[in-house]
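Visitor: Here are the chains, one letter per residue:
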Amino acid sequence: MTPPVLEMRSIVKTFPGVKALSDVTLTVAPGEVHAICGENGAGKSTLMKVLSGVHPHGSYDGEILFQGSPCAFKDIGASEARGIVIIHQELALVPYLSIAENIFLGNEHASHGIISWNETLKHAAALLKRVGLTEHPQTRVADIGVGKQQLVEIAKALAKEVKLLILDEPTAALNDTDSAQLLLLIRELQAQGITSIIISHKLNEIAEVADSVTILRDGRTIETLDVRAESTTEDRIIRGMVGRDLDHRFPERTPHDGDPEARPALEIRDWTVHHPIDQQRKVVDNVSIHVRRGEIVGIAGLMGAGRTELAMSVFGRSYGRNISGTVFKDGREIRTRTVPEAVAQGIAYVTEDRKQYGLNLIDTIGRNITLSALPKVARRGIVDEHEETRVAESYRTSMNIKAPTVFEQTGRLSGGNQQKVVLSKWIFAGPDVLLLDEPTRGIDVGAKYEIYTVIDRLAAQGKAVVFISSELPELLGMCDRVYTMAAGRLTGEIPRAEATQEVLMRHMTRNTR
Amino acid sequence: MGPVTTDLSKSPGDKPQGGPPPPDRPRSSATRDLLMDAARRNMRQYGMLIALALIVVLFQIWTDGVLLKPNNVTNLVLQNSYILVLGIGMMIVIIAGHIDLSVGSLAAFVSAACAVMMVEHDIPWVLALVLGLAIGAVAGAWQGFWIAYVGIPSFIVTLAGMLLFRGGTQIFLGSRSLGPFPEGFQKISTGYLPEIGPATNYHNLTLLLGLALLAFALLQEVRDRRRQKEYELEVLPRNLFLTKCVALAAAVLAFTMTLASYRGVPVVLLLLAALLIGFGYVMRNAVVGRHVYALGGNRAAAKLSGVKDRRVTFLVFVNMGVLAALAGIVYAARLNAGVPQAGVNFELEAIAAAFIGGASMSGGVGTVFGAIIGGLVLGVLNNGMSLVGIGTDYQQVIKGLVLLAAVGFDVWNKRRVGS
Chain A
0 MTPPVLEMRS IVKTFPGVKA LSDVTLTVAP GEVHAICGEN GAGKSTLMKV
50 LSGVHPHGSY DGEILFQGSP CAFKDIGASE ARGIVIIHQE LALVPYLSIA
100 ENIFLGNEHA SHGIISWNET LKHAAALLKR VGLTEHPQTR VADIGVGKQQ
150 LVEIAKALAK EVKLLILDEP TAALNDTDSA QLLLLIRELQ AQGITSIIIS
200 HKLNEIAEVA DSVTILRDGR TIETLDVRAE STTEDRIIRG MVGRDLDHRF
250 PERTPHDGDP EARPALEIRD WTVHHPIDQQ RKVVDNVSIH VRRGEIVGIA
300 GLMGAGRTEL AMSVFGRSYG RNISGTVFKD GREIRTRTVP EAVAQGIAYV
350 TEDRKQYGLN LIDTIGRNIT LSALPKVARR GIVDEHEETR VAESYRTSMN
400 IKAPTVFEQT GRLSGGNQQK VVLSKWIFAG PDVLLLDEPT RGIDVGAKYE
450 IYTVIDRLAA QGKAVVFISS ELPELLGMCD RVYTMAAGRL TGEIPRAEAT
500 QEVLMRHMTR NTR
Chain B
0 MGPVTTDLSK SPGDKPQGGP PPPDRPRSSA TRDLLMDAAR RNMRQYGMLI
50 ALALIVVLFQ IWTDGVLLKP NNVTNLVLQN SYILVLGIGM MIVIIAGHID
100 LSVGSLAAFV SAACAVMMVE HDIPWVLALV LGLAIGAVAG AWQGFWIAYV
150 GIPSFIVTLA GMLLFRGGTQ IFLGSRSLGP FPEGFQKIST GYLPEIGPAT
200 NYHNLTLLLG LALLAFALLQ EVRDRRRQKE YELEVLPRNL FLTKCVALAA
250 AVLAFTMTLA SYRGVPVVLL LLAALLIGFG YVMRNAVVGR HVYALGGNRA
300 AAKLSGVKDR RVTFLVFVNM GVLAALAGIV YAARLNAGVP QAGVNFELEA
350 IAAAFIGGAS MSGGVGTVFG AIIGGLVLGV LNNGMSLVGI GTDYQQVIKG
400 LVLLAAVGFD VWNKRRVGS
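Chains A and B supply the protein sequences, listed in that same order. Taking numbering that gives the first Met the number 0, the leading residue of the first sequence gets 0, the next gets one more, and so forth. Taking numbering that gives the first Met the number 0, the leading residue of the second sequence gets 0, the next gets one more, and so forth.
Among the clues, some could well be false.
To be verified - Below, computed lysine-lysine pairings styled on DSS-like, alpha-carbon distance capped at 25 Å: (1) A:K328 / B:K302; (2) A:K354 / B:K307; (3) A:K375 / B:K68; (4) B:K398 / B:K68; (5) A:K375 / A:K328.
None of these hints come from the bench; they were simulated from the model.
Put together the whole structure using the sequences plus the hints.
Guide: As structure tokens, this is what we get:
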């Protein structure tokens, strides 16, 4: 057996008050693609930060051996000098600089501080070719899509003579086509002798690209599995991650077909939205959908299908320009031209981007929960803080938000708990219709299940739920009916009984132009 | 005084990390945890209070006790009143995620307008006062319109306002200084509460007011503690609570006696107290105050939660305009003249006060009480350094370093606690 390229032995890392890693061992064989998975907070990102020198040598206990020799990285530059490059979940590119400038940022082709542009462009073009991009190296990064930006990140890593490439949830922001291309590229790099570590929540991706997978839970290594082995199934991995058998990934729910005679709680007719900058472009094109009380209706679509744009434009015209169409609530036409109007009509929109659009991260759990319906805990414009605390406390308990008190800053919570705060906020607002946009994005399996339960409970209470998601199994497991969208248009309406991943995907990729 | 006391009693509930203490934990360690948590969470505010106390003690010793002599304490209040008024408004602007560079010029403009009205047109001073405040409101609305509804950054709009209002002042006054003002107008800044009752060695009304304030503060403390218990929140243990009440009482009494042994409560101090309590209450307890914090903390999220961002931003600037006008009026009354160079650099002092008092450049953080603390730190430094004969040249250097140190401490502290 060949000696491992990387060995991390008994890594322990503590933050004030928290033990993030309590005993992690990781062994990576040369030339393999090694996946790391685990629930949020299991220690995956911390482990990678230890490896790449973000947490410098001395701030953790344990040993790291790379290519057989011990490492003591004092910063990220030191690890890059050895050929270990990490690509973070949030892309670290400068939007208004060109691709070439970004690739060589901090690593410029220069002599005596003067950059040689000819050499830079030539080298950049070669690197772009290696990652399969045809863009000109002088294109601004802001002008290319997220998927291509991810490839630029990889080109940047290649420029640093990477030997071990670490990717932290590389496909989280990508659509399926871009994801597939990225995974293919990782395979190609593997053929060129580059070892990769990939952190991912998407088990099908791991099955597709990885050779072995290490599972972390609560800051410990649980096991390392050979992905190619027959016994390594998705359920097997999930069991390792959560430490329990998860035979029910979705709550048991009685399908609600809705009374077809009943008036829909929300109906959107002939909805068209134009892009806010490129005003000729229709991002939502003549879409009509409806949802009844007690029903959970999914919207499936690839990135760019216009699902978020549809929901946000309905919710107080929070997106887009030149919007046309009508909205009916319980058969009556309503105005939802501003967010307060939409809220007053009993509509809630739970954003896909909780950090940017959902929470005030520097404020407490309690104050975030009450924000959209402050008058409910106020009298004559004065907030009753005791009442507010009581309300927040009741949501902390009922939604199982893991925090010692409701006075905790939301910025300190894990993704799943942040999502529960956002959901609490909108449940507290008391809506009849909830537009949920990727409510389980980037959160761990256990928290997902809890959120499914909440959604199910809401529907059982007679709320109408629109469930936008990129994860097909989730839509199949939760929805009574699924709409599919592609390129701004509605391409299908599929009842629960007929919905399979294949059927949905076929509609999602249907070209109607 | 309201916001401080509530803050202190509230913070023990704010327990970061660690979970609630198990019931069987020994009492003393639970108490220590409570105190430690309270201290950690309010580091900036406590830090600045302690710094203020240290500065006061330092200058008290250095000036051989002149600093805290009754006439100097009164003087300190009068000297800094307009900066404190501006500081309150500026704090709110900064919490909302904006900045206002125009307040010094606007204060000058309003003081000039009042001078012209009273001196040249013999308009009654009360009417001039009201019109002055109205001018402030209109000026604030003008800037608020461009910022909130058109979307021009506040830095630009108020930089323009700074030039605009300064120019307006000079057009009004030329190089003249207009005065004197009717006595009633002067009293805004130089008046004291009237003497009443039997001749003691003290100012009777001041003593009464002090006692009333004390009673009110203690009552508030007790009520708050009771309500927190009702809601089963954690409260300070009994003996600590008593210690706190005694300390509070001592501070209020000492301040009252000091003022009472000179000429009593200056009118402008009453005004400041009203502003502090009023705005402190609004920012802490009113829906609109909460919306300001939400906007500053995360504008996009606040908008999507139904906060009327434009209207709130607009109102914040109208409010700032009125407070700037008030500051201009207080300043003019103290000077007893409208002068073209009034209010130069006031905006910078107010901004410095807000940041020393705990505001954050990115918005969403800070308290009205903090602005007062920040303003007092600057004021005591000014006053103390003048008393010991440090020139204005060195005064500026020292104030600059204090601002840097205060914010630097905050950044360092956040980095240490966070991440």
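Visitor: Hint by hint, note whether the structure agrees.
Guide: Against the structure, the hints come out as follows:
1. A:K328 / B:K302: Distance of about 23 Å is within 25 Å: holds.
2. A:K354 / B:K307: holds (20 Å)
3. A:K375 / B:K68: violated (50 Å)
4. B:K398 / B:K68: holds (23 Å)
5. A:K375 / A:K328: holds (23 Å)
Hint compliance for this structure: hint 3 is the single one not met.
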